[in-house]
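Undergrad: For reference, the chains in residue letters:
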Amino acid sequence: MTAAARLHARGVTLGYGEHVVVDRLELAVPDGAVTAVIGPNGCGKSTLLRALGRLLRPRGGEVLLDGKRIDELPTREVARALGLLPQSPTAPEGITVADLVTRGRHPHQAWFRQWSRGDESVVAEAMEWTGLHGLADRPVDALSGGQRQRVWIAMALAQDTDLLLLDEPTTHLDLAHAVEVLDLVDRLHSRGRTVVMVLHDLNLAARYADHLVAMKDGRVLAAGPPREVLTPELLAEIFGLRAVVLPDPVSRGVLVVPVGARRSDARDRGPRNPTT
Amino acid sequence: MARARGSRRRLLVGGVLALLVLLVLAALASIVVGARWIPLAHVWSAVVAPTGGHDDVVVRSLRVPRTGLGVVVGVALGVAGAVIQGHTRNPLADPGLLGVSAGAAFAVCLAVYAFDIPSGTGSVAFALGGALVASVVVFALGTLGGGGGTPVTLALAGAAVTAFLGALTNALVLSDARTLDAYRFWAVGSLVGRPDAVLVQILPFLVAGLLLAAVNAPALNTLQLGEDVARGLGQRLGPARVLGVASVTLLTGAAVSATGPIAFVGLVVPHVARAITGPDHRWLIPYSGLLGALLLVVSDVAGRLIAVPAELPVGLVLALVGAPVFIALVRRRTLAAL
Amino acid sequence: MSAPPILARRALRVGPASAVWRPRAVLVPVALVAVVLLLVALDVGRGDFPISVPDVVGTLLGGGTQVDRYIVLQVRLPRSLTGALVGVAFGMAGALTQSVARNPLASPDLLGISYGAAAAAVATLVLGGGAVGGLFTALGVPLAALLGGLVSAAAIYALAWRQGISGFRLVLVGVAVAAVLSSVTSYLLIVGDLNRAAQAQIWLVGSLNGRDWAQVLPVGLVVGAAALLCPVTSASLRALRLGEDTARSLGVRLQRAQAGHLAAAVALASVAVAAAGPVPFVALIAPQIAVRLLRSAGPPLLAGGLVGAVLVVGADVVSRSVLPSTLPVGVVTAAVGAPYLMFLLARGTRASDA
Numbered sequence: 002m003t004a005a006a007r008l009h010a011r012g013v014t015l016g017y018g019e020h021v022v023v024d025r026l027e028l029a030v031p032d033g034a035v036t037a038v039i040g041p042n043g044c045g046k047s048t049l050l051r052a053l054g055r056l057l058r059p060r061g062g063e064v065l066l067d068g069k070r071i072d073e074l075p076t077r078e079v080a081r082a083l084g085l086l087p088q089s090p091t092a093p094e095g096i097t098v099a100d101l102v103t104r105g106r107h108p109h110q111a112w113f114r115q116w117s118r119g120d121e122s123v124v125a126e127a128m129e130w131t132g133l134h135g136l137a138d139r140p141v142d143a144l145s146g147g148q149r150q151r152v153w154i155a156m157a158l159a160q161d162t163d164l165l166l167l168d169e170p171t172t173h174l175d176l177a178h179a180v181e182v183l184d185l186v187d188r189l190h191s192r193g194r195t196v197v198m199v200l201h202d203l204n205l206a207a208r209y210a211d212h213l214v215a216m217k218d219g220r221v222l223a224a225g226p227p228r229e230v231l232t233p234e235l236l237a238e239i240f241g242l243r244a245v246v247l248p249d250p251v252s253r254g255v256l257v258v259p260v261g262a263r264r265s266d267a268r269d270r271g272p273r274n275p276t277t
Numbered sequence: 277m278a279r280a281r282g283s284r285r286r287l288l289v290g291g292v293l294a295l296l297v298l299l300v301l302a303a304l305a306s307i308v309v310g311a312r313w314i315p316l317a318h319v320w321s322a323v324v325a326p327t328g329g330h331d332d333v334v335v336r337s338l339r340v341p342r343t344g345l346g347v348v349v350g351v352a353l354g355v356a357g358a359v360i361q362g363h364t365r366n367p368l369a370d371p372g373l374l375g376v377s378a379g380a381a382f383a384v385c386l387a388v389y390a391f392d393i394p395s396g397t398g399s400v401a402f403a404l405g406g407a408l409v410a411s412v413v414v415f416a417l418g419t420l421g422g423g424g425g426t427p428v429t430l431a432l433a434g435a436a437v438t439a440f441l442g443a444l445t446n447a448l449v450l451s452d453a454r455t456l457d458a459y460r461f462w463a464v465g466s467l468v469g470r471p472d473a474v475l476v477q478i479l480p481f482l483v484a485g486l487l488l489a490a491v492n493a494p495a496l497n498t499l500q501l502g503e504d505v506a507r508g509l510g511q512r513l514g515p516a517r518v519l520g521v522a523s524v525t526l527l528t529g530a531a532v533s534a535t536g537p538i539a540f541v542g543l544v545v546p547h548v549a550r551a552i553t554g555p556d557h558r559w560l561i562p563y564s565g566l567l568g569a570l571l572l573v574v575s576d577v578a579g580r581l582i583a584v585p586a587e588l589p590v591g592l593v594l595a596l597v598g599a600p601v602f603i604a605l606v607r608r609r610t611l612a613a614l
Numbered sequence: 189m190s191a192p193p194i195l196a197r198r199a200l201r202v203g204p205a206s207a208v209w210r211p212r213a214v215l216v217p218v219a220l221v222a223v224v225l226l227l228v229a230l231d232v233g234r235g236d237f238p239i240s241v242p243d244v245v246g247t248l249l250g251g252g253t254q255v256d257r258y259i260v261l262q263v264r265l266p267r268s269l270t271g272a273l274v275g276v277a278f279g280m281a282g283a284l285t286q287s288v289a290r291n292p293l294a295s296p297d298l299l300g301i302s303y304g305a306a307a308a309a310v311a312t313l314v315l316g317g318g319a320v321g322g323l324f325t326a327l328g329v330p331l332a333a334l335l336g337g338l339v340s341a342a343a344i345y346a347l348a349w350r351q352g353i354s355g356f357r358l359v360l361v362g363v364a365v366a367a368v369l370s371s372v373t374s375y376l377l378i379v380g381d382l383n384r385a386a387q388a389q390i391w392l393v394g395s396l397n398g399r400d401w402a403q404v405l406p407v408g409l410v411v412g413a414a415a416l417l418c419p420v421t422s423a424s425l426r427a428l429r430l431g432e433d434t435a436r437s438l439g440v441r442l443q444r445a446q447a448g449h450l451a452a453a454v455a456l457a458s459v460a461v462a463a464a465g466p467v468p469f470v471a472l473i474a475p476q477i478a479v480r481l482l483r484s485a486g487p488p489l490l491a492g493g494l495v496g497a498v499l500v501v502g503a504d505v506v507s508r509s510v511l512p513s514t515l516p517v518g519v520v521t522a523a524v525g526a527p528y529l530m531f532l533l534a535r536g537t538r539a540s541d542a
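Chains as they are written, first to last, in the working numbering: chain A, 2 to 277; chain B, 277 to 614; chain C, 189 to 542.
Keep in mind the hints are simulated off the structure, nothing from the lab. Backbone N, C-alpha and C define an ideal beta-carbon position, used for all residues, glycine too. Please note that a few of the clues may not be correct.
[Said to hold, decoys possible] Reference listing, derived: stretches of chain A covered by chain C, where coverage requires no fewer than 3 residues with Cβ under 8 Å from a Cβ of chain C:
#1 112-122
#2 126-134
[Said to hold, decoys possible] Simulated DEER-style distance windows between Cβ atoms:
#3 A/GLY241 x C/VAL208: 26 to 32 Å
#4 C/ASP400 x B/SER451: 22 to 28 Å
#5 B/VAL601 x C/VAL339: 19 to 25 Å
#6 B/PRO555 x A/PRO250: 49 to 55 Å
#7 C/ARG480 x A/SER145: 42 to 48 Å
#8 A/GLY146 x C/ASP400: 58 to 64 Å
#9 C/PRO419 x A/SER145: 33 to 39 Å
#10 C/ALA199 x A/ALA237: 55 to 61 Å
#11 C/VAL420 x A/GLY241: 50 to 56 Å
#12 C/GLN387 x B/LEU581: 39 to 45 Å
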């Protein structure tokens, strides 16, 4: 099953200072699919995403976009092909939603061409897609967490790239907002975009990813469709987690149910001592 | 385990004694070295049985006072640095960078300009008052704002207060030649050219500041765990903070009013001390004091040796040495740590 | 679709060029220019020989008596123009530095650039003879100040550089360098005699006294060049404000952009310090006032400069008419600027990166 892949990591070694985080990693990002990268804390997921997004230069190996080394391509060209949403993006104080989304047009603009008709229609469409009606002139810092995340995604959308990298887009969101954001990502990919996202929640990853990449200690331990990757054996190996994997009653995917130390014995159904 | 603790304690006590010995040696060097080197035998006779000869005068009225001032001010600045770094939990805090000097400077100028008090003897009280007001304002600004006392906001608060008081000082200094003359010599940070009685005058304030710091030490240990945890452990934050600010102000204010602004001692010395003692403030504070005295006296001696036969004021020597250390500290820290 | 459009923004399009139509971004600068012109006219009229504003305008337009023409054109106009141009230079330098550092409290004067210029200038004034002094004297105060500012800025940049510049390191290193240079300057003040010290002290405060056309020219040139480049620079600044990662992923060449903007800021600040001394606080507060006037997302370049001009010329008017004794312009700007900064700090500005 060799799908076409525009974005590749070939034998990539990454680190900060003396510390090596990712070691000779191989990854091909399948086009037109949603790829989720999962793994325990500190396994190098975000580091890998930053390298794919050209924010981190590899010490060894290379990242290729359309067959060419990504750090040798002109910055603008990369920005027109690949958009990245960092983990905790900071918005300048007081910026409005419309202005922030418009920033996404930067790679397509020149200093004298700051608001062409093309820009206008792309930004409007991005805001439609992310459901930002009526919020255009509101300051971003006055919005809720879920709304703010949607604004950043709208900005990445306005960048009009085929490839989208999202670093933990749902981490600080409650479940309802997380699902909202991921449904949006799903709609994007149905239009043909390639998405790579780092996720913490295994079940959300199982539900929304076409392709799952499981990392541990800077290496890829497994890659493939969720039902192939999320097996009890692999979960134990990667996360040190005892879990049961069930068919997801809502989608056609799988559900990971952790087995803990207490309250997991089938006979022990209720609280031991009835409290108030 | 108890054995390890006991041996560690013996080590620390030993360290204190070693520092004291070094300090004595440095003090002796300070008395001996200068444009005119005075042999030790002469020093002894000058102290014990003065005859009024030239060497005796130099020793008694120049070298001994400046050495004494160096030791005392060094202790004050070292301890003040340890306390302020403990309270702000900010490894880049320095009492001198926090506007204290500007407050004292302005007060000194005001004393000369408005009340005709010659800089020195009479103006110590003024300088202390100015230092107090300035430090409280800076501390309040740096911690009340949304930044919550980050290194950057404290540094900038200090810069703001310094600049404001600087403007007022400039207004005074430019209107009156006498004030300018008094100010420019005070502003350079030096152990010489100070009136004789100044050491005696600041001593009570220094002692008070040191006592407050000693009392504050256990609270500082608890505060290192963070405000919430400290409260949970029963530590009363308000009184502890007030004690700390009072201690820092007394120590730094007294020091600055005697010698003019000397930066970087309070910043750098606690780091060296911490490397030896660890974070326990009951040891950190005494070590900081001793190291501060050592640094100041040695810098003063260096100032006499570098530009022979002229002398570089100690404030300049410390700035030239201290800033690179400060910058190295800034460079070493990753963004996450600060 | 009768629902209101999701994005109601007017566009300004001429051929291939286009921009978002923001009324405030046009009206406010125009208003500021008018205010600056008025203040200049007022300032020119002040002095031992008071001249009313209509007479000033008349003289500028070609009329007026011999005496008036001499006073206005040879003595007073260059002084006020220096003030206005220095204000623009400082305001722009501040806007640039604050945008790169992403910290509204960063400014060239706090970052030690002015201190470097000051140390060099004081050295020139104080070290009359001797080998080192001779070198400085040959340069003259303005050039020495310029070089001092450039060298200290380069040192700060190099010291703060660690695989790139972070606004946070820049500020802290700047404060440290400022402390050292300030110490050196204090030392220089005691090296010379009282007269020279007094001269140096006056220069240190920031003053427009005795400024003539020789000062106007260099500042005017640099400010003019910067003003022409405003539209280009503003586009780049807008992207930089989003944070380093986002800016890079939007295709900004980060190191180059940051270095370019900082270099421009240093050039502007240094040439302004060379002309009028390190006038405190203009670079810091002018951009912040402009942000609030324009309601923009970050410190605006052109408006920041114009507010700076208003501040400096306004301070000069105040110091020459309201205060009992004439104090240099720098004292007034600091007396006004520092409390404002303290107010900003107490309010808790939400600096995005520190």
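Undergrad: Hint by hint, note whether the structure agrees.
TA: Results of checking the hints against the structure:
no.	hint	result
1	112-122	holds (count 9)
2	126-134	holds (count 4)
3	A/GLY241 x C/VAL208: 26 to 32 Å	violated (53 Å)
4	C/ASP400 x B/SER451: 22 to 28 Å	holds (25 Å)
5	B/VAL601 x C/VAL339: 19 to 25 Å	holds (21 Å)
6	B/PRO555 x A/PRO250: 49 to 55 Å	holds (54 Å)
7	C/ARG480 x A/SER145: 42 to 48 Å	violated (26 Å)
8	A/GLY146 x C/ASP400: 58 to 64 Å	holds (59 Å)
9	C/PRO419 x A/SER145: 33 to 39 Å	holds (36 Å)
10	C/ALA199 x A/ALA237: 55 to 61 Å	holds (58 Å)
11	C/VAL420 x A/GLY241: 50 to 56 Å	holds (54 Å)
12	C/GLN387 x B/LEU581: 39 to 45 Å	violated (32 Å)
Hint violations for this structure: numbers 3, 7 and 12, all remaining hints satisfied.
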